[in-house]
Amino acid sequence: MDFVNAIILLLNYIFIPALTYGSQLALGAIFVTLIYGILRFANFATGDMMSFGTMATILFTWYFQSLGVSLGVLPTALLAIPFGIIFMILYMLLIDKFVFKYYRHQKSPPVQFAMVSIGVMFVTQAVVRIIIGPGDRRFFDGEKFIIKAREFKEMTGLNEGLALKSTQVITIFVTIVLVSLLFWFLNRTKTGKSMKAYSDNEDLALLSGIDPKKIVLVTWVIAGILATIGGALYGLDKSFKPFTYFNNMLPIFAAAIVGGIGNPFGAFLGGYVIAFSEILLTYAYKKFFMYVLPESMEPNSLVQLLSTDYKFAVSFSILVIVLIYRPSGIFKGKVL
Amino acid sequence: MRKNLNVIAAYSIMMVLILMVGIFQSWNIALSIFNLCLISAVMTMGANIQWGYAGLINFGIMGYTALGGLAAVLISVDPVQEAWRAGGFDILMSLWLIVVMVLVIRFILKRFEKSKIRTYSIAAIIISGILLIRFSAEPGIEAIEAVDPAKTGFLGGFGLPIIFSWIVGALFAGGLAFIVGKVALGLRADYLAIATLLISEIVIAIIKHEDWLTRGVKNVIGLKRPAPYEVDLQTTDWFIKLVEKFNAGKLSVIENLADRQAALNQLVIEGSSVFVKLCYSGLFLVVVIILLILTQKALYSPWGRMMRAIRDNEEAANAMGKNVVKQHLLIFILGSAIVGIAGAMLVTQDGLFTPGSYRPMRYTFLIWVMVIVGGSGNNFGAILGGFVVWFLWIEAAPISLFLINFFTEGIPETNALKAHLIESVPYFRFLLMGLGLLFIMRYRPKGILPEKIEIK
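Line order of the protein sequences matches chains A and B.
Under the working numbering, the first residue of the first sequence is numbered 217, with each subsequent residue one higher.
Under the working numbering, the first residue of the second sequence is numbered 8, with each subsequent residue one higher.
Next comes chain A alone, as it looks inside the complex:
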């Protein structure tokens, strides 16, 4: 019985939260990696673009709520996400037209692109804060839990409860669907394949008649979808605050690079690598050992490898180690 308790404990405090957080990171990381692979720059505006998409979703959610439209047990935000995506894509295309296009035609070095994306970051941050303000926003409605900890305890008669939030299930489900669709698109359709070719060798792709304008357009569209959904899922699960989104850029970058930048599948896995290592290394295992070990061997301390304050530092250290020993990432990068 103790063994089952221990498993439930790990599921509840490590596995499910890490899977959710990892999915959110994975979407952002694929966004970073796509921009890096096809448009060839590290986009420092990632976090803020995600917060822009989330902001649009929140505004539509409020609008629907004021109209009295709702999805019953599901959050209204799910209905608003498609509209948020449209706004996000329009914003990205606008930015591309007025900012990035010029440097693309100049064939500027990646560093210059990165600098320009910092300008975009400042502007986007201002736009988001001016429209919705810097405060904490919760926009979740509908049923909060699928399984409540107490009900689970009563149902199974175990000591440990297992709480399953609906946002966690939605996040994981949406991520799986979205990522499968994306990989199907990249590997099976003609446009997807030409995107891969463009990422692999630009000149050769142009020679074989691939339209660069179309590639760029499709990239931004996919990026907009990923950014909005990733951002909105994070906001639903936790809460929306522009500053947190800016900070999330860092673990997202870590995930993209750990997975091998330019490689969407690597980025997808990288998100989970980062999330799991963050949570595994900062979790206090005392209770777990109390269940597993005999009473005489119970630990006195918290059995925590690192304090939770170092959550971010863990992912960054992983990244630094990967950068030193395997700069192309765990999975070889630059093969979209």
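Hints may be right or wrong, so weigh each one.
As the list claims (entries may be wrong) - Pairwise CB distance ranges (calculated):
1) B:Ser-33 to A:Lys-364: 53 to 61 Å
2) B:Tyr-450 to A:Leu-433: 23 to 31 Å
3) A:Leu-423 to B:Asn-412: 54 to 62 Å
What the hints assert, rightly or not - Now the stretches of chain B that chain A is said to cover, found in silico as 3 or more residues with beta-carbon under 8 Å:
4) 198 to 212
5) 374 to 385
Simulated from the structure, these hints should not be mistaken for lab results.
A quick note: this is a predicted structure, and the numbers were derived from the prediction, not measured.
Think of the CB as a built atom: it goes at the ideal place given N, C-alpha and C, for glycine as much as any other residue.
Since the structure of chain A is provided, determine the placement of chain B on it from the hints.
Positioned in the frame of chain A, the structure of chain B alone reads:
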């Protein structure tokens, strides 16, 4: 003279702008803008010798600034004897363990050929060493943090004058840069940017959470000053006389003796804080001028020529027998050390150390905007960038408030949109910075004062 005309013009405009703030807003605001402009200028000089001279991208400026600030705390605060007694021994033990660990790793690296076993054994030593240090230091850290946590709860510093910390801050930052440079400098430019950004976040995380060393988010306040205190000045005779002399005209108009005394008191209070800020301005100006002379000398020296050669064509410079790796490391350390000085200066001026306030937006990206806008590769440009951008950063809110009011003249105050816009005035500074950066990069990619190298 003629060829420096644009430099002189740009700086004169800047000075006039600051003087205008003094005349129209207040001298206190003008001087605090000016002081922070000077500190920003030191930071941009550091970033400029990395980016402008050598083409190295360093997004970790925040980390070096914070280390400089930490130096100010460790130098100036009096040691907390009780904490040393409670946990000093454990901390020293851990320090000793770290030294042993580093020596052992160095020994292995020197002694054995590169192989998988060597890599794994080094990894094992590091991991077991960290665990060992963590468990051996734990009781000491807890004991230290338990010593009067409301007031101290940390080891304190050396109790020296805070001005020394400017040098120590440079050493700290340079030391960190040495480690970071050894690890990360081989990376491609955009990877280096991300790596330095993340490393600086790690530094901040450590400073924030190692309470025994830095007091963490509990902040250290009331650091000793190199300048006199306002309260002391207000009771000093020579200072009151000075204020009286300066404002003789204004005071003589007031007939009533009691009124005149009250007015004088008011002037003395205002004057004392202006005087303190002027003291800081003087100190900072000395630092800026010394650094400017040194960096200008370096830029035109054979060493500066070599750095530019490396920046413009690494392979060619390498082929000419220049040690690119070593020079990159050197300039990375130098630039970071200068940023460390600025970090210590900042904490000296504020008189408090707040680890929670170090955010990449303010201490990394804003500094980069300064360098790019001012003109990378040109020291006068970088300093000007520091001045212009900091001035706009502070004055953006009043300017945008004025503009909003101007354009929504006819709309009543109760209008929701207008009220919302006025409420979000503080965020227009981000918009201004972003647009400024984008316009400069597009239409004047070399900055306001572009790099201009003449062979003498």
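Do the hints match the structure? See the list:
1. B:Ser-33 to A:Lys-364: 53 to 61 Å: holds (59 Å)
2. B:Tyr-450 to A:Leu-433: 23 to 31 Å: holds (26 Å)
3. A:Leu-423 to B:Asn-412: 54 to 62 Å: holds (57 Å)
4. 198 to 212: holds (count 10)
5. 374 to 385: Three-residue rule met by the segment 374 to 385 of chain B, so holds; n is 3.
Checked against the numbered hints above, the structure violates none of them.
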